[in-house]
Amino acid sequence: MSQAVKTKSASENAPEGAQPQVWWSNAVFFILVHVAAAVGVYYLPPWAVHKKTLLLWFLTWQMSDFGITIGYHRLYSHKAFRATLGVRVVLAILGSAAFQGSIKRFTDDPVHDPYAATRGLFYSHMGWIFYKPNYTRMALIEKDDLESDPGPSLADWDPSKWIIIALQQLGLVASLRRARKEDLDEAIHHMKKKASTGVDEPEDRRWDGETWNNVQVVDFAKAKTGRCIVLIDGYAVDVTAYLGQHPGGAKLLREYSIRLTSDIDSWRKADWAFKGGLNNHSRAARRQMREMRVAKLVD
Numbered sequence: 002m003s004q005a006v007k008t009k010s011a012s013e014n015a016p017e018g019a020q021p022q023v024w025w026s027n028a029v030f031f032i033l034v035h036v037a038a039a040v041g042v043y044y045l046p047p048w049a050v051h052k053k054t055l056l057l058w059f060l061t062w063q064m065s066d067f068g069i070t071i072g073y074h075r076l077y078s079h080k081a082f083r084a085t086l087g088v089r090v091v092l093a094i095l096g097s098a099a100f101q102g103s104i105k106r107f108t109d110d111p112v113h114d115p116y117a118a119t120r121g122l123f124y125s126h127m128g129w130i131f132y133k134p135n136y137t138r139m140a141l142i143e144k145d146d147l148e149s150d151p152g153p154s155l156a157d158w159d160p161s162k163w164i165i166i167a168l169q170q171l172g173l174v175a176s177l178r179r180a181r182k183e184d185l186d187e188a189i190h191h192m193k194k195k196a197s198t199g200v201d202e203p204e205d206r207r208w209d210g211e212t213w214n215n216v217q218v219v220d221f222a223k224a225k226t227g228r229c230i231v232l233i234d235g236y237a238v239d240v241t242a243y244l245g246q247h248p249g250g251a252k253l254l255r256e257y258s259i260r261l262t263s264d265i266d267s268w269r270k271a272d273w274a275f276k277g278g279l280n281n282h283s284r285a286a287r288r289q290m291r292e293m294r295v296a297k298l299v300d
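Residue numbers for the sequence shown, in my numbering: 2 to 300.
Hints are computed from structural coordinates only; laboratory data are not their basis.
Bear in mind the structure is a predicted one, so any value in this text is a computation, not a measurement.
Treat each hint with caution, since some may be false.
What the hints assert, rightly or not - Distance condition first, Cα-Cα at most 25 Å in a straight line; then the derived DSS-like pairs of lysine-lysine:
1. K225 - K252
2. K182 - K162
3. K276 - K80
4. K162 - K80
5. K225 - K297
6. K195 - K182
7. K182 - K193
8. K182 - K194
9. K252 - K223
10. K297 - K276
11. K276 - K195
12. K223 - K297
13. K252 - K276
14. K182 - K80
15. K252 - K80
Said to hold, decoys possible - FRET-style restraints, in silico, Cβ to Cβ:
16. D201 - G172: 41 to 47 Å
17. L86 - G245: 17 to 23 Å
18. H35 - R206: 48 to 54 Å
19. N214 - M127: 50 to 56 Å
20. S283 - A98: 28 to 34 Å
21. W25 - T54: 28 to 34 Å
22. D186 - L45: 49 to 55 Å
23. L60 - Q246: 31 to 37 Å
24. F123 - E202: 28 to 34 Å
25. S283 - L177: 18 to 24 Å
26. G172 - A98: 21 to 27 Å
Glycine included, each C-beta is placed from N, C-alpha and C at the ideal position.
Between the sequences and the hints, there should be enough to build the whole structure, so can you do that?
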């Protein structure tokens, strides 16, 4: 593989940004809210409050919670389903009522995730909200849908998934994405073995397929209009069928694909983006990527 393929783009070499500054307006607001709540409980305990007021409090709390779990998280961050305009507007309003900042947040790694559990219980629960957002990688991801948008066990207390299913039955959401059974089975097997042995079982990276050179990869990409090939771990990966499902958007995959109109030495390798440059992909995501490999590259 040519040396140019291994070269990172300017965006990949960009600094991660300075240490986030304390967001004093947010800090003062949230501290005062909780102080006021404590004072209110002291002077007017729950048993002295009208039942309808308590019901309103509970519903407001739960609805704003759904705005985060269903809207900010599943819809806008992971594109787990598609929703009608009305549902999107309602979810955006409910999410904003939780006072957790903008929908346009970069998540899924210990540096850029605003509430990374790796920083401790206090930080992941509430500490993160006292700092100004510093999303240095937002320019690298596709967010056209946000810019243009106006708007499990039955015992688990996470009714979000059941609400999404109900909305689907009503025809208000569509294209609901579900975890593949084979990925769930593999994950369960992996976690059970890790729990019993204490060893993190290595992933299956075997390859018994074809070996191509650069010219063969170009010929394969040219064989079908619109075909999208990216280079990961020294393999040509055909992500064409996955373009519409990629949470980061098809545009991002196209950006890292082999450019037929450019010299071979200008190909951009997607390793940086796939291995934490943009997101830390899960074990299941890495497994699915390997299923889309079409050939191993040689010089």
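Evaluate the given range 28 to 34 Å for the C-beta pair formed by W25 and T54.
holds, 32 Å
Outcome of range test on Cβ distance (F123, E202; 28 to 34 Å):
holds, 32 Å
How does the Cβ-Cβ distance of D201 and G172 compare with 41 to 47 Å: does it lie in that range?
Since the Cβ atoms of D201 and G172 sit about 43 Å apart, the hinted range of 41 to 47 Å holds.
Is the Cα-Cα distance between K225 and K252 25 Å or less?
holds, 18 Å
State, for the Cβ atoms of L86 and G245, whether the hinted interval 17 to 23 Å holds or is violated.
holds, 20 Å
Need the status of pair K252, K223: alpha-carbon distance at most 25 Å?
Holds, at roughly 19 Å.
Keeping to a limit of 25 Å between CA atoms, is the pair of K182 and K194 held or broken?
holds, 18 Å
Distance restraint between K223 and K297, which requires alpha-carbon spacing of 25 Å or less:
holds, 18 Å
Check whether the Cα positions of K276 and K195 lie no farther apart than 25 Å.
At roughly 22 Å apart (the allowed maximum being 25 Å), K195 and K276 satisfy the hint.
Take a quick look at whether K297 and K276 sit within 25 Å of each other, Cα to Cα.
holds, 18 Å
Could you grab the alpha-carbon distance between K276 and K80 and see if it respects the 25 Å cut-off?
holds, 20 Å
Between L60 and Q246, does the beta-carbon spacing fit 31 to 37 Å?
holds, 34 Å
The structure shown violates none of the earlier numbered hints.
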